[in-house]
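J.: Sequence:
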Amino acid sequence: MKTDGGRTIWSNQEQSRYLRELKPYFIASVLLILAGMVCGVAASAYAPKLSSAPGEALQEFGKLFLGLSKPYLAAAIFLNNGLKTLAVIVVGTLGGILPLVFLLVNGYVLGIVLDVTIRSEGALAAFLAVAPHGALELPAILLGTSIGLMVGVRAVKRLFGKGERTIPDELARALRFFLIIIVPLLLLSAFIEAFITPSAVSRL
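Numbers given in our numbering equal positions in the sequence shown, counted from 1, plus 1231.
Each computed SDA-like pair below joins lysine to any residue, with the alpha-carbon atoms no more than 20 angstroms apart:
#, residue 1, residue 2
1, K1280, V1340
2, K1315, V1332
3, K1388, L1329
Don't read these hints as lab results, they were simulated from the structure.
Take the sequences, apply the hints, and build the full model.
T.: Here it is in structure tokens:
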């Protein structure tokens, strides 16, 4: 990082290096959420009573967004996803436990939603419902959980004197990446989910 006129700049080279550092943790995040999804689909298919509680909780949470105008809905979606992702990054410094749990639980719920939607409304409706999540929102959140895992692992290493950077330095890099890369992805995803997805699904 370097300074120009009092502003701190994160060069493309530094961003690329940070992404390379994130790669193994991103792969781990994908595997964890897939594991959660498999469990969710299995629970929904073979133990409906077991899966009903998360589904009902998700429905109740969704009611909070009912009746909102599209601009307010987009803002609510962005704030919900942004704050959760930020929390996963910051609390990830405590050994990476929260990102791990977050991935498994959200994968589980997503698996239930996919299974129920496919059975009740068909594969196309399920695809259109999750498309904005899969295209932008999910990758952005996975980047956030990857950062949380990486910061957590490095925080543990630092405690044993093996880390290259201090925990505040790691967190500063993480928050910079969050603001520069993840926030724009979440903003665009929220816009698509509020303004485009409902119209696409209603035409089925």
